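Student: Please work from the sequences and hints to get the whole structure.
These are the residues of each chain, in order.
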Amino acid sequence: SQQGEEDPQALSIQEGENATMNCSYKTSINNLQWYRQNSGRGLVHLILIRSNEREKHSGRLRVTLDTSKKSSSLLITASRAADTASYFCATDTGRRALTFGSGTRLQVQP
Amino acid sequence: DVKVTQSSRYLVKRTGEKVFLECVQDMDHENMFWYRQDPGLGLRLIYFSYDVKMKEKGDIPEGYSVSREKKERFSLILESASTNQTSMYLCASSFGNIQYFGAGTRLSVL
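Chains as they are written, first to last, in our numbering: chain A, 1 to 110; chain B, 1 to 110.
Treat the hints as calculated values from the structure; they're not laboratory data. Careful: at least some of the hints might be erroneous.
As the list claims (entries may be wrong) - With the Cβ distance kept under 7 Å, some of the chain A side facing chain B (calculated, not the full set):
(1) 16
(2) 31
(3) 41
(4) 42
(5) 43
(6) 45
(7) 92
(8) 96
(9) 97
(10) 100
(11) 101
(12) 102
As the list claims (entries may be wrong) - Here are the simulated distance ranges between beta carbons:
(13) A:109 x B:79: 40 to 48 Å
(14) A:82 x B:39: 21 to 29 Å
(15) A:69 x B:14: 43 to 51 Å
(16) A:7 x B:61: 39 to 47 Å
(17) A:59 x B:9: 23 to 31 Å
(18) B:65 x A:17: 18 to 26 Å
On a predicted model such as this, the values are computed, not experimentally measured, just so you know. The beta-carbon is built from N, C-alpha and C at its ideal position, and this holds for glycine as well.
Tutor: Written out as structure tokens, the structure reads:
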């Protein structure tokens with residue numbers, strides 16, 4: 001099974017609402033990252049949170065990390081239609097490569 | 001601006017053909033990666049390279065090989081393409097912890 005598992009698999013909200021997606025992982029991490037992928041395109045890095053951090057903000061993004069529960073959440077506030085995309089968490093466990101989850105598909109209805 | 005370029009957006013090949021997927025980055029990054037992305041499975045690491053001529057197997061290397069003769073170029077080779085290798089292939093390079101992705105190559109093997 002995958003190191004990172006996102007929940008829910010799909011999420012549909014109205015413009016202006018907040019979107020929350022969660023990621024659980026299995027082993028100890030150095031950091032956890034969130035990436036975004038527009039349909040048919042490559043991934044774009046959004047935010048990184050280190051294992052000794054509990055919360056991080058970047059614009060309308062807020063990420064939390066609970067290492068005791070091995071989980072993270074990504075909150076997008078005041079969502080826009082342009083936020084429609086798939087969102088992936090990725091864990092850095094000390095090997096050179098990241099391990100990606102299966103993603104959450106977010107649909108923001110205008 | 002960071003740029004990772006994959007040589008083809010779409011590719012159609014026949015079973016048994018030898019297939020080359022090319023990836024070039026212009027950031028002088030040490031690390032480069034090849035992933036495949038399938039619905040419901042997220043991104044799975046095929047191979048990565050941490051230096052010229054150096055490579056390491058990822059989670060699903062079977063049926064693939066790679067070549068890194070120059071720092072900026074990382075090639076994925078399907079020695080004898082099979083229908084189960086029909087997928088989206090994503091190349092990435094990294095500086096530190098963050099990965100930068102190409103737009104992807106959608107490969108269909110008939």
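Student: For every hint, state whether the structure bears it out.
Tutor: Comparing the hints with the structure gives:
Interface restraint check: residue 16 (chain A) against chain B, minimum CB-CB distance 29 Å, threshold 7 Å, status violated. The criterion of a C-beta within 7 Å of any C-beta in chain B is met by residue 31 (chain A), whose closest approach is roughly 6 Å, and the hint holds. Restraint check, residue 41 (chain A) versus chain B: the minimum CB separation of about 6 Å is within 7 Å; hint holds. Below 7 Å, beta-carbon pairs count as interface contacts, and residue 42 (chain A) has one with chain B at about 3 Å; its hint therefore holds.
Checking residue 43 (chain A) against chain B: minimum C-beta separation of about 5 Å stays under 7 Å; hint holds. A distance limit of 7 Å between C-beta atoms decides the matter here; for residue 45 (chain A) the minimum to chain B is near 5 Å, and the interface restraint holds. A distance limit of 7 Å between C-beta atoms decides the matter here; for residue 92 (chain A) the minimum to chain B is near 6 Å, and the interface restraint holds. Taking 7 Å as the C-beta cut-off, the interface hint given for residue 96 (chain A) holds, the closest approach to chain B being about 6 Å.
At a threshold of 7 Å, the smallest CB-CB gap from residue 97 (chain A) to chain B is about 5 Å, leaving the interface hint in force. Here the hint on residue 100 (chain A) is kept, as its CB sits about 4 Å from the closest CB of chain B, short of 7 Å. Contact between residue 101 (chain A) and chain B, as hinted, is supported at the beta carbon level, the nearest pair being about 5 Å apart and thus within 7 Å. The interface hint given for residue 102 (chain A) holds, since its Cβ lies 4 Å from the closest Cβ of chain B, which is under the 7 Å cut-off.
Distance hint check for residue 109 (chain A) and residue 79 (chain B): the Cβ-Cβ separation is about 46 Å, which falls inside the suggested range of 40 to 48 Å. Remark: the range hint 21 to 29 Å for residue 82 (chain A) to residue 39 (chain B) is upheld by a beta-carbon distance near 23 Å. Restraint check, residue 69 (chain A) to residue 14 (chain B): a C-beta distance of roughly 48 Å satisfies the suggested window 43 to 51 Å. Judged by the Cβ atoms, the range 39 to 47 Å given for residue 7 (chain A) and residue 61 (chain B) is violated: they are separated by roughly 29 Å.
Judged by the Cβ atoms, the range 23 to 31 Å given for residue 59 (chain A) and residue 9 (chain B) holds: they are separated by roughly 30 Å. Between residue 65 (chain B) and residue 17 (chain A) the beta carbon distance is about 47 Å. The supplied range of 18 to 26 Å is therefore violated.
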